[in-house]
Amino acid sequence: MSDYNFAYLDEQTKRMIRRAILKGVAIPGYQVPFASREMPMPYGWGTGGVQVSAACLTPEDKLKVIDQGADDTTNAVSIRKFFERTAGVETTERTNEATVIQTRHRIPEEPLTEDQILVYQVPIPEPLRFLEPRETETRKMHALEEYGLMHVKLYEDISRHGHIATSYAYPVKVEGRYVMDPSPIPKFDNPKMEMAGLQLFGAGREQRIYAIPPFTRVVSLDFEDHPFEASKADHPCDLCGAGDSYLDEVITDDAGGRMFVCSDTDFCAGRQDAGYRGRLNAEEAA
Amino acid sequence: MIRIENVSKSFTLHNQGGAVIPVMANATFSVAPGECVALTGNSGAGKSTLMRMIYGNYLAASGSIIVGDTDVATAQPREIIALRRHTLGYVSQFLRVVPRVATVDVVAEPMLAVGVPRDAARARAEELLARLNIPETLWGLSPTTFSGGEQQRVNIARGFAHRYPAMLLDEPTASLDATNRETVLSLIEEAKARGAAIVGIFHDAPARDRVADREVDVSAFTPRRAA
Amino acid sequence: MTPLLSVRDIHKSYGARIGCTDVGFDLFPGEVMGIVGESGSGKSTLLNCLAGHLSPDRGEVIFDTRTDGPRDTLTMSEPERRMLGRTDWAFVHQNPRDGLRMSVSAGGNVGERLMAVGARHYGDIRDSATDWLGRVEIAADRIDDRPRAFSGGMQQRLQIARNLVTGPRLVFMDEPTGGLDVSVQARLLDLLRGLVREMGLSAIIVTHDLAVVRLLADRLMVMKSGRVVEAGLTDQVLDDPQHGYTQLLVSSVLQV
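Chains as they are written, first to last, in our numbering: chain A, 1 to 286; chain B, 1 to 227; chain C, 1 to 256.
With the rest of the complex left out, here is chain A:
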């Protein structure tokens, strides 16, 4: 164990963050300002998520960190190492074993339980920001529930592409009140946000925390004649054969060869262990 306080942040800072989290849970979807600290990593690398995780962790917790669904990419590995060193907590790659999961841009395929917390890293928490640059105005719009502008964004999508082309960070309305940016998760994951686990969102640079308590209604915005669709690549996983998971497209050579694989590495590995095989994995199994 190092000389760091447990989970890097001092206790007063963690209390401050927990208060923001509690307020966020009490007002689902509302962006709570908090005094974001300088973290030993650059903005954009998950400073918000790391602070929320630090405030949630206890020595008994088991932490999983995923980056775009994968446990083994730079961001995931370094944050996992960070908490191993500063908190000394156990880490895991198994979704069902973890008690706290910090994620960047994905929700695990396996449904979460009431004992689990999902912490999102958020780059820009304000869903109205791209159309309304004034913070004073967007705050007022949230306060007065003036969300027509959000539909203007979707309108623009349809008028330009013939359908709602927003495929990630797809805006949702939480418990019939606040419109919220779900962080850049694929819209395929949107329906999963109505879950048993607690979801916390941390934006370090923008200094905002928000939350979705368990079993909260989360509705993706849409038009009557252009309903929301949780789309994914129309393909099964080439490794595990799953037809219902979110896929990454991987270019395999310079000749146009490609494969589709589950973005959730733990989910894919679990299926392969259970004997499921996809198109490119079949011979090896035989």
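Don't read these hints as lab results, they were simulated from the structure.
Since this is a predicted model, take the numbers as computed values, not measurements.
Watch out, some of these pointers could steer you wrong.
Stated by the list, open to error - Not the full set, but computed from the structure, chain C residues with beta-carbon under 8 Å of chain B:
(1) Y14
(2) I18
(3) L189
(4) R219
Stated by the list, open to error - Derived Cβ-Cβ restraints for the label pairs, each shown as a range:
(5) A/T252 - C/G167: 55 to 61 Å
(6) B/V114 - A/Y168: 57 to 63 Å
(7) B/E136 - C/P29: 34 to 40 Å
(8) C/G69 - B/I21: 46 to 52 Å
(9) C/G69 - B/P99: 37 to 43 Å
(10) B/V114 - C/G15: 48 to 54 Å
(11) C/G69 - A/P133: 36 to 42 Å
(12) C/G15 - B/V20: 35 to 41 Å
(13) B/T179 - C/G167: 47 to 53 Å
(14) A/R177 - C/G167: 24 to 30 Å
(15) A/P213 - C/P29: 46 to 52 Å
(16) A/E137 - C/G69: 41 to 47 Å
(17) B/R85 - C/E80: 33 to 39 Å
Stated by the list, open to error - Residues from chain C that keep clear of chain A, each with C-beta distances beyond 10 Å, as calculated:
(18) D9
(19) E38
(20) G40
(21) P79
(22) S103
(23) L210
All residues carry an ideal CB built from backbone N, CA and C; glycine is no exception.
The hints should help you fit chains B and C onto chain A, whose structure is shown.
Quick look at chains B and C alone, frame taken from chain A:
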């Protein structure tokens, strides 16, 4: 229909030493429905001023100007606007229109303003334009580019489009050829026949003699100069 | 008849300087009122006080609301006032950039007010937008273009469409034809006149252009140094001005 009592008017020129120019005092006369009264008097006697006061364009200093049920001298702007829309028509010597609006729409506008359906309004506008010998090829163009005589005829068509119960005519036959003058005079006679009360200024004496029932000499209302 | 808007004793000062003071009038349904005066006369301050963009130091701005009858908009709650701002009220800015979302397509700009009051059917919104673009003489095939690609006159017409799409009853206009060349101005004036008549709109138009008010406004208020010096029927005020300042203003216009 039109009753004018003790109307006086003066102009105060604030930017020229506050000079006060009295132009009219104790003007009194009335016009019955179906009657045409011609205002006479020398140039500068105040014929146009009196007519403009009746229309509400100039503010009367005192007295009352009753047109229908409205006292123009004291009415609110919206009452005067309603009066002008429904009751009181005015054919001035100058055509003032929004540029680029087609002639036929210029003529139809007073009818649209009182709720006449577009088709009916346009039909009557076309009928009037035809009667006043405006070539059909010009109907779709803006009158701002027309010759003086054509503009005057468009102005008359516009003035007679809606059948006002009271009308003010300022030199309606000026700058018209014999044929069109005849048309305008018959329009005036038709208006009288349907009961319109008309106040007119006619420098054209034969025209005045033909349509006017009475004459009112405005010089009688000229205030005596301070000695 | 109940006035659509009743303004009482509006006073706004900027520190020791008077923005506008002692202003009161009634505006009735279907009436168009012009406010003229030179730069700095307080006409824009007044308009912004009336439209809720500035809060006056005292006074009342009573609007005859659809649901609750006459209400003082200055003491209304902010959500109510903002709701009014996107339903029964409209504001046309002098510079279309202030009234449009420049990064949103023409259709989106027109549709925004519809979506703001709950429209959720893309096809219907688009149909309304197309209809309104037609009414302001913008070709239907420009619906997906951004306002940046439009000329100044088109931008101004787009701003008008965006404002009128929800069928407001009162429109505030701040120099709506300022900055446009004269031929474009004429077309816009004609368009506004037609819309005002067809929709039975009431409007308050601030301008320094006397020709504009002569064509558009039924009534006129002349302002100088924050005060109304003369008010009345537009042609009466312009043709028989009573106040010295109005006489000066009218005689200062260049004759073409």
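Results of checking the hints against the structure:
1. At a threshold of 8 Å, the smallest CB-CB gap from C/Y14 to chain B is about 29 Å, leaving the interface hint violated.
2. Evaluation of the C/I18 hint against chain B yields a violated restraint, the C-beta minimum of about 22 Å exceeding 8 Å.
3. The criterion of a C-beta within 8 Å of any C-beta in chain B is met by C/L189, whose closest approach is roughly 5 Å, and the hint holds.
4. Hint status for C/R219: holds, given a least beta-carbon distance of 4 Å to chain B, under 8 Å.
5. Here the CB-CB span from A/T252 to C/G167 is close to 58 Å, well matched to the stated 55 to 61 Å.
6. A hinted range of 57 to 63 Å holds for the C-beta pair B/V114 and A/Y168, which are about 59 Å apart.
7. Separation of B/E136 from C/P29 is about 38 Å and conforms to the stated range, judged on CB atoms against 34 to 40 Å.
8. Checked against the given bound of 46 to 52 Å, the beta carbons of C/G69 and B/I21, roughly 48 Å apart, stay inside it.
9. At about 41 Å, the beta-carbon gap between C/G69 and B/P99 stays in the expected band of 37 to 43 Å.
10. For the pair B/V114 and C/G15, the beta carbons lie near 50 Å from each other, so the given range of 48 to 54 Å is met.
11. For the pair C/G69 and A/P133, the supplied restraint of 36 to 42 Å holds, since their beta-carbon distance comes to about 38 Å.
12. Checked against the hint of 35 to 41 Å, the C-beta distance between C/G15 and B/V20 comes to roughly 40 Å, which is consistent with it.
13. For B/T179 and C/G167, the hinted distance range of 47 to 53 Å is satisfied, since their beta carbons lie about 48 Å from each other.
14. Against the hinted window of 24 to 30 Å, the Cβ-Cβ separation of A/R177 and C/G167 comes to about 29 Å, which satisfies the hint.
15. A C-beta distance of roughly 50 Å is found between A/P213 and C/P29, which places it inside the suggested range of 46 to 52 Å.
16. Range check, A/E137 to C/G69: about 30 Å between beta-carbon atoms, so the 41 to 47 Å window is missed.
17. For B/R85 paired with C/E80, a C-beta distance near 34 Å keeps the hint of 33 to 39 Å intact.
18. For C/D9, the requirement that its beta carbon stay farther than 10 Å from each beta carbon of chain A is met, with the minimum near 29 Å.
19. Every CB of chain A lies more than 10 Å from the CB of C/E38, the least distance being 32 Å, so the non-interface label holds.
20. The claim that C/G40 lies off the interface holds: its Cβ sits roughly 28 Å from the closest Cβ of chain A, which is beyond the 10 Å cut-off.
21. For C/P79, the requirement that its beta carbon stay farther than 10 Å from each beta carbon of chain A is not met, with the minimum near 5 Å.
22. Here C/S103 does not stay apart from chain A, with its beta-carbon only about 7 Å from theirs, under the 10 Å limit.
23. With 10 Å as the threshold on Cβ separation, the claim that C/L210 sits away from chain A holds: the shortest Cβ distance comes to roughly 36 Å.
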